[in-house]
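Enquirer: All chains, full assembly: derive it from the sequences and hints.
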Amino acid sequence: MGIGTEEGRKKHQARSGWLLSLPALVLLLVGASGPLVIVAVYSFLKPGEYSGVQWIFSLEAWFKVLLEKDIFDGTISLADAHLAIFWRSAKLSLLTTAVTLVLGLPTAWFIATRPARSRALWLFLITIPFWTNLLIRTFAIMEVIRNEGILNTALLALGLIETPIQILYSGTAVLIGMTYVYLPLMVLPLFAAIDRFDFRLIEAGYDLYASRWQVLRRVILPIIRPGIVAGSILVFVPSLGAYVTPRVLGGGKNMMIGNFIELQFGQGRNWPLGASLSMVLLLIVVVALLIYVRTAPQEDRHD
Amino acid sequence: MGETFAVEARDAVKVYGTGVNAITALDHVSVTVSRGEFFTLLGPSGCGKTTLLRCIAGFETPTSGAILLSGQDITEEPPYRRPVNTVFQSYALFPHLTVARNIGFGLEMMGKPKAEIAETVARMLALVRLEEFAARLPQQLSGGQQQRVALARALAPKPQVLLLDEPLSALDLKLRKEMQGELKRLQLETGITFVFVTHDQEEALTMSDRIGVMRAGKLQQVGTPRDIYDRPANRYVADFIGETNFLTGVVEGGAVRLGSGDLVRAALGGQTGTVTLAVRPEQIRVVATNAPGAIPARITGKVYFGTDTHYHFALVDGTEVVARLQSRAQGEDDLPKGVEVGLQFEDSSVQVLGP
Amino acid sequence: MTERRKRFAIETLPGFTAIAIAAFVMLYLPIVTLVAYSFNGGSSVAVWGGFSLHWYEVASQNAAVQGAAARSFIIAASAAAIATTAATMAALGTTRRGKFTGQTFIYLMINQPLMVPEIVTAVALLIFFASIKVATGYSGLGYLILAHSAFCIPFAYLPIRARLEGMDGAMEIAAADLYANPWQVFRRVTLPLLMPGVAAGAMLAFVISLDDVVITEFVKSAGQDTLPTYMLGQLRRAVTPEVNAISTALLGMTVILLTAFFLLSKKRD
Numbered sequence: 000m001g002i003g004t005e006e007g008r009k010k011h012q013a014r015s016g017w018l019l020s021l022p023a024l025v026l027l028l029v030g031a032s033g034p035l036v037i038v039a040v041y042s043f044l045k046p047g048e049y050s051g052v053q054w055i056f057s058l059e060a061w062f063k064v065l066l067e068k069d070i071f072d073g074t075i076s077l078a079d080a081h082l083a084i085f086w087r088s089a090k091l092s093l094l095t096t097a098v099t100l101v102l103g104l105p106t107a108w109f110i111a112t113r114p115a116r117s118r119a120l121w122l123f124l125i126t127i128p129f130w131t132n133l134l135i136r137t138f139a140i141m142e143v144i145r146n147e148g149i150l151n152t153a154l155l156a157l158g159l160i161e162t163p164i165q166i167l168y169s170g171t172a173v174l175i176g177m178t179y180v181y182l183p184l185m186v187l188p189l190f191a192a193i194d195r196f197d198f199r200l201i202e203a204g205y206d207l208y209a210s211r212w213q214v215l216r217r218v219i220l221p222i223i224r225p226g227i228v229a230g231s232i233l234v235f236v237p238s239l240g241a242y243v244t245p246r247v248l249g250g251g252k253n254m255m256i257g258n259f260i261e262l263q264f265g266q267g268r269n270w271p272l273g274a275s276l277s278m279v280l281l282l283i284v285v286v287a288l289l290i291y292v293r294t295a296p297q298e299d300r301h302d
Numbered sequence: 000m001g002e003t004f005a006v007e008a009r010d011a012v013k014v015y016g017t018g019v020n021a022i023t024a025l026d027h028v029s030v031t032v033s034r035g036e037f038f039t040l041l042g043p044s045g046c047g048k049t050t051l052l053r054c055i056a057g058f059e060t061p062t063s064g065a066i067l068l069s070g071q072d073i074t075e076e077p078p079y080r081r082p083v084n085t086v087f088q089s090y091a092l093f094p095h096l097t098v099a100r101n102i103g104f105g106l107e108m109m110g111k112p113k114a115e116i117a118e119t120v121a122r123m124l125a126l127v128r129l130e131e132f133a134a135r136l137p138q139q140l141s142g143g144q145q146q147r148v149a150l151a152r153a154l155a156p157k158p159q160v161l162l163l164d165e166p167l168s169a170l171d172l173k174l175r176k177e178m179q180g181e182l183k184r185l186q187l188e189t190g191i192t193f194v195f196v197t198h199d200q201e202e203a204l205t206m207s208d209r210i211g212v213m214r215a216g217k218l219q220q221v222g223t224p225r226d227i228y229d230r231p232a233n234r235y236v237a238d239f240i241g242e243t244n245f246l247t248g249v250v251e252g253g254a255v256r257l258g259s260g261d262l263v264r265a266a267l268g269g270q271t272g273t274v275t276l277a278v279r280p281e282q283i284r285v286v287a288t289n290a291p292g293a294i295p296a297r298i299t300g301k302v303y304f305g306t307d308t309h310y311h312f313a314l315v316d317g318t319e320v321v322a323r324l325q326s327r328a329q330g331e332d333d334l335p336k337g338v339e340v341g342l343q344f345e346d347s348s349v350q351v352l353g354p
Numbered sequence: 000m001t002e003r004r005k006r007f008a009i010e011t012l013p014g015f016t017a018i019a020i021a022a023f024v025m026l027y028l029p030i031v032t033l034v035a036y037s038f039n040g041g042s043s044v045a046v047w048g049g050f051s052l053h054w055y056e057v058a059s060q061n062a063a064v065q066g067a068a069a070r071s072f073i074i075a076a077s078a079a080a081i082a083t084t085a086a087t088m089a090a091l092g093t094t095r096r097g098k099f100t101g102q103t104f105i106y107l108m109i110n111q112p113l114m115v116p117e118i119v120t121a122v123a124l125l126i127f128f129a130s131i132k133v134a135t136g137y138s139g140l141g142y143l144i145l146a147h148s149a150f151c152i153p154f155a156y157l158p159i160r161a162r163l164e165g166m167d168g169a170m171e172i173a174a175a176d177l178y179a180n181p182w183q184v185f186r187r188v189t190l191p192l193l194m195p196g197v198a199a200g201a202m203l204a205f206v207i208s209l210d211d212v213v214i215t216e217f218v219k220s221a222g223q224d225t226l227p228t229y230m231l232g233q234l235r236r237a238v239t240p241e242v243n244a245i246s247t248a249l250l251g252m253t254v255i256l257l258t259a260f261f262l263l264s265k266k267r268d
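Protein sequence lines, in the order shown, are assigned to chains A, B and C. Heads up: the first sequence begins at 0 in numbering that gives the first Met the number 0, then just goes up one per residue. Heads up: the second sequence begins at 0 in numbering that gives the first Met the number 0, then just goes up one per residue. Heads up: the third sequence begins at 0 in numbering that gives the first Met the number 0, then just goes up one per residue.
It is possible that some hints are incorrect.
Dumping the calculated DMTMM-like pairs for lysine to aspartate or glutamate here, alpha-carbon to alpha-carbon at most 20 Å [claimed, not checked]:
(1) A:K10 with B:E76
(2) A:K9 with B:E76
(3) A:K9 with B:E75
(4) A:K68 with A:D79
(5) A:K10 with B:E75
Sample of chain A residues facing chain C (criterion: CB under 7 Å; computed from the structure) [what the hints assert, rightly or not]:
(6) L19
(7) I149
(8) V247
Bear in mind the hints are in silico, worked out from the structure with no lab data behind them. Here the structure is a predicted model, which is why all the values come from computation and not from measurement. C-beta atoms are modelled at their ideal positions from N, C-alpha and C, and glycine is treated no differently.
Expert: This is the structure we're talking about:
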């Protein structure tokens with residue numbers, strides 16, 4: 000009589016689930032995911048004469064990501080210019096992650112330990128920069144570190160320096176900028192982790208003769224680790240693919256992968272190389288996310 | 000074919016999941032509820048009582064078996080086509096609608112004319128004494144008031160059967176007592192069949208016309224509160240409802256020989272061999288050791304409960320027996336620990352439960 | 000004077016408060032400076048020339064800015080509407096029902112724009128749309144609206160889904176019990192209860208679209224600047240306080256929408 004109804008209901012649920020998701024899936028397929036396949040295909044083609052591609056299979060673009068062939072004697076060597084860009088991207092992204100963690104952990108802790116009423120306000124203060132246009136924020140930090148900006152003006156007025164420090168258009172400027180821009184991305188997941196943290200555990204730690212440092216090292220950090228991992232991924236991934244901040248603050252010399260990719264579609268006129276570089280960036284991000292997904296469930300079992 | 004019942008479950012089975020993970024929530028349950036009856040499903044959480052209720056409401060479909068309403072098979076009907084309403088444990092009041100709109104929701108969905116809805120809502124508000132709260136939102140009401148709105152909302156469409164899923168469990172003790180009376184009054188006034196689910200035996204005993212005791216998806220016993228309390232069908236029912244002393248013995252003639260060697264008379268109904276006797280603590284009398292039929296025992300402890308005191312006794316073989324006696328005035332205690340006394344069981348109070 | 004010993008505060012860790020305050024100062028000092036200088040009367044970005052709305056006037060009378068602003072709003076409004084509709088349906092399709100095959104795939108697809116670096120998506124869309132432009136000859140705002148709709152979906156989806164998950168399933172069961180058919184349940188109970196989430200999602204989508212630089216920069220055809228890409232173009236040349244004024248206006252917009260979002264999401268049940 001009623002046998003099989005559960006199965007029927009399940010099938011019906013799956014079908015309506017798919018149907019309801021369909022418009023979103025189509026939009027995403029056309030406006031985001033689908034074109035990634037084209038990029039993958041382009042990375043195996045030869046560059047067109049002025050721009051675009053020639054439909055000839057070639058591994059040249061992938062080869063060029065790391066290696067270069069001498070025009071005269073045909074010897075193959077590592078592409079130093081490319082390596083420099085990768086190295087700078089990796090270094091700046093890791094440094095940004097580290098600095099935002101050092102700044103973000105105390106900030107998140109501070110917010111999480113406010114009384115309930117003011118906590119919402121502090122959190123709101125973090126979310127405003129988070130949602131503010133990245134370009135505006137980059138522009139704002141640029142105003143501060145310019146030669147005539149308030150940082151140099153203040154240092155000059157205090158007599159600490161005699162001539163303005165040239166920060167803008169340097170690697171340091173990009174680091175400062177990315178730290179500034181991505182700090183909220185670190186604070187929010189850390190806050191979420193600390194907010195769930197049971198503060199009685201700290202009391203237990205102190206009760207069992209741990210010092211403040213030991214409580215931090217042995218109790219707090221291990222428990223909020225998922226938040227630290229999440230925040231680090233959230234900062235590292237966009238840092239690695241950053242485009243606006245290095246372009247505005249780094250000047251022409253401090254290119255990161257994102258700018259290098261753009262170059263291939265602009266002046267470089269090497270779409271296949273741009274495509275293979277994009278794929279490399281995407282692969283790194285996917286690996287980072289996979290590492291995160293692998294660690295996350297185990298952390299969940301922890302608490 | 001004689002009486003058509005308000006609700007009937009015929010051999011209802013509900014299995015969740017498949018294979019090794021399968022959980023049987025209802026195990027061949029058959030039960031009937033008469034028109035105008037206050038019927039209670041009683042059992043611990045996870046016994047299947049809420050599943051049965053949800054099958055009647057239409058939120059679940061039984062894996063096999065049938066649910067009948069006034070003799071009609073409604074097993075496959077969706078909930079919105081069943082003339083049955085539910086009072087939810089969490090009340091499930093619509094937070095975006097006023098009290099009046101909540102109460103009128105069912106009638107509105109049935110497409111009743113506005114005037115009729117307004118009239119019924121007013122009547123329902125009066126019935127649950129919430130006239131002045133018509134324009135409030137549910138979250139502006141106290142727990143007890145929300146409970147009454149939920150009741151009014153479920154009663155407004157005049158269902159054939161009202162299902163109540165532990166509706167009083169979220170209330171504090173005092174309010175719960177009050178609402179128990181209120182529920183009974185509403186049921187008498189409206190004459191609607193109530194199917195009430197609870198894990199609280201006292202609630203079940205005080206309010207119900209009949210009780211069905213459930214355990215692990217199976218119906219253990221159905222009967223009036225008196226039946227269930229005085230004549231429990233098995234050890235589980237006797238243990239779940241009220242407190243009981245279980246004594247093991249062997250049938251010897253028309254009586255039972257306990258492990259202590261004492262002989263207890265009981266209505267055996269043809270049982271032989273080893274049996275379990277159930278004796279309620281309040282049906283034990285403490286007498287002098289030399290009184291006729293007295294079973295010798297020693298007081299091993301007592302716990303004061305206000306009006307009652309529970310005395311713990313040990314029979315000669317060490318078997319523990321608890322008796323509930325009215326507390327005496329202070330200083331009048333003549334039953335200190337260690338004293339030897341005699342215990343008497345009233346014949347009619349001893350239930351024979353099989354081994 | 001009795002010596003007062005400092006109470007041992009369980010939650011305080013040494014130096015944390017100082018770093019936190021410093022971080023807040025660091026976050027807000029540049030923004031405050033930017034806002035302040037947008038009201039600078041002088042023509043230099045460095046010297047304070049008295050309070051004035053001069054640069055707002057300059058910006059608002061600049062035809063390029065007007066065009067970019069109009070475009071930004073058209074794109075953001077369209078993208079928010081499309082993304083929110085699609086996200087609401089998807090949230091209803093993926094939340095509060097049993098697991099079904101392909102559910103993980105749908106989650107991955109929806110969250111994809113949050114995971115793939117923007118520059119990669121931007122490049123992909125550049126290639127894809129370039130060939131469509133050649134094939135169809137159409138080069139209107141449609142490409143930008145499509146791209147924006149796609150990357151706004153996860154932002155609209157998250158608050159709607161959160162709202163749905165927090166919603167008491169008993170509400171809908173109660174409605175069905177009270178004779179509402181499935182469509183009536185949706186119209187009369189689910190949707191009204193979901194509305195704050197939908198509004199929040201739409202607002203986030205609008206803000207995200209309004210703020211986008213990278214994808215717009217790559218997808219736009221000539222003469223299709225939005226406010227952010229216009230500003231990026233300006234930054235390449237000498238910085239004028241006009242950009243300060245536009246930034247402040249956009250910032251104000253974001254703050255207003257965010258405040259509304261917070262008030263909406265606070266209004267729980």
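Enquirer: Decide, hint by hint, whether the structure agrees.
Expert: Verification of the supplied hints:
1. A:K10 with B:E76: holds (19 Å)
2. A:K9 with B:E76: holds (18 Å)
3. A:K9 with B:E75: holds (16 Å)
4. A:K68 with A:D79: Given pair K68 (chain A), D79 (chain A) holds - Cα atoms ~12 Å apart, limit 20 Å.
5. A:K10 with B:E75: holds (17 Å)
6. L19: Nearest chain C Cβ about 3 Å off; hint holds.
7. I149: holds (6 Å)
8. V247: holds (6 Å)
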